[in-house]
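J.: One-letter residues, chain by chain:
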Amino acid sequence: MKAALPGNELTRLAHLHALNILDTGREQSFDDLAQLAAMICEVPIALVSLIDHERQWFKSCIGLDVTETPRDLAFCAHAILQPGDLLVVEDAIRDPRFSDNPLVLGEPHIRFYAGAPLVSEEGYAFGTLCVIDTTPRRFGSSQAMALKLLAGQVIQLLELREANQALQASQLQLQERSEQLNTILSNFPGAVYRCLNDARWTMLYLSDKVEQLTGYPSTRFMGDGALSISDITHPEDVPMVYQQVQEALRQQQAFQIIYRLRDGNGDWCWIEELGCGVFDASGALKYIDGFIWDISERKRAEQIKNDFVSAVSHELRTPLTAISGSLGLIVGGMLGAPPEKMQNMLVIAHKNALRLTQLINDLLDMEKLIAGKMGFDLERQPLVPIIEQSLETNKAYADSFNVSLHLSVCANEQDVPLMVSLDAHRLQQVMANFISNAVKYSPPQGRVEIQLIQLQGEVKITVVDHGPGISEEFRERLFQKFTQADSSASRQRGGTGLGLAISKTFVERMHGRIGFDSIPGQGATFYAIFPLANRATDLVPHH
Amino acid sequence: MTQELSRILYVEDDPDIQAIAMMVLETIHGFVMEACSSGAEALQKAVAFKPDLILLDVMMPGMDGPETLKHLRAFPEMVAVPVVFMTAKVQPQEVQGYLNLGALGVIAKPFDPMTLAQQLVSIWEKR
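Protein chains in written order, with my numbering: chain A, 1 to 543; chain B, 1 to 127.
Here chain A stands alone, though its shape is the one from the complex (with noise of 0.2 Å):
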């Protein structure tokens, strides 16, 4: 008689085929279960039984020489019906469920039947362990507890089995995303490293591609005895570095560094180090993720257009100095009046010739500062004549464009005439960059107000013109290199771009701070601000 089916055959059947075990190899640990079973129940036969959709298959099968037969046949089906209870067949021949089977009619001729269900943790009955004899027999009930037991043990082994595997397969995935990691950054124009915020910057992870950096492999940089990046820094960027991204690790913000190390020749190599901290949820720094490559390239094409810039500047300066000497002469009034037309004609190209000598200058002057050879001399001196020098220097440039400069100070009077610690040769080329901007964007008839405003301790120093002021989208681009409104005003009002761009140098250098304020349509203010040293005390440390 064929076994009907259980209620929840096909979520029985789906978690069967997840267990992965249909069709495996034999296992030691199944065949001692089942040889086990066989002893305890004094039997010749005893198998281990999954039901499959339409087989029985044995994972473990002692003293039967078949690995499934067909699901009509099985004992087994039957015995899954009821999955809290032994299915136990005295005498086959005697039970009408099974009288006209062919394994009882025929090979191996079961006489004696009894299967405890494999009942899962979820309550799926996938098989049985069971034990088969060919004559009758009667089962003892410490026979049935024993077998109830090693079932519960056979359920055990395929938990256990199921558990493994998926262990197994994490593990293979985990190796996998590793390799491919690996893979990532081995494919990296740099080191990638985790490290810990100390003195050594002791490492937790750093990639091998640190030795074609360092000449040093991976490992040496890890344990005991490690070498540690900053004994390979170059020792006059050591505090440099460790300033930079102990402030950038205060402010929870990344850092990017730019330093020298030593190569695997020798030879010192530029660094670009980009990091950032990571923070636990609490804020506190757990360690320090980041990246370093290798920039002496970029730095080398730097220098060689820096060199380029300076070289191509300084020939170009010779030839100007005889055109704009030449034209000043003439324009001067020096060697006589000339016809009013070739006047003209003459003071524009002496304008011309003056302005490219500003560029060139202003180029210099960039080129300088980014090589780091120009001196700022501070010196504690007055403010005050320092700025009417300015308005005085600048009054003609005014003057040929209708636009008249006005001073005021706004300060206590015991403390005019402002002291201030800054290289007064500076600060003029900041005024006049200030001074010629305010007056190139004034209307004609304009005034420029030049301000000296006392504040807490310091010192403002404004000019205030009446132009058009400066447009939203320009504003973040001010103090960038080679900008001007726009290319037009370029055009119309000269320039070279860099003046503002110098001048927030210039000022920072000093130890100031430089800005604007501005409502469209409204003219803008420039201000500097830097620290007074009317006392003594006040003065920075060095005069």
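What the hints contain is simulated information worked out from the structure, not anything from laboratory work.
Keep in mind that a hint or two might mislead.
Think about it this way: if two alpha-carbon atoms lie no more than 20 Å apart in a straight line, the pair counts; the simulated PhoX-like pairs of lysine-lysine are [claimed, not checked]:
no., chain 1, residue 1, chain 2, residue 2
1, B, 89, A, 373
2, B, 109, A, 368
3, B, 89, A, 351
On the provided structure of chain A, position chain B as indicated by the hints.
T.: Below, chain B alone, put in the same frame as chain A:
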């Protein structure tokens, strides 16, 4: 000293720059000028010209300004003659370097032809 600046030995390799300075100093302001196009030429002419002041370009091919000065000082007649350098390198420490070499003053290049004579006279009066 009350002696007026009159005779200037001028060393400048660029002929155009030289011509402009000569126009200003000789033609317009009436100084007695001896122009040289190299340090070597200056060494040949210096003693005979008996300059009150030597105006010396710093960057010249061959013998540069400071080297020319060194050789000029080797003539007993030139030991005390004031020297003014003309150079584009006018950062404070660079200027100090020229003064340390024994220069009386430094005039920045590019110079303003309108004020060149006045600058020279100011330096001269500082002696």
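J.: So, against the hints stated earlier in the document, which numbers end up violated here?
T.: Hint check: 3 fails alone, others pass.
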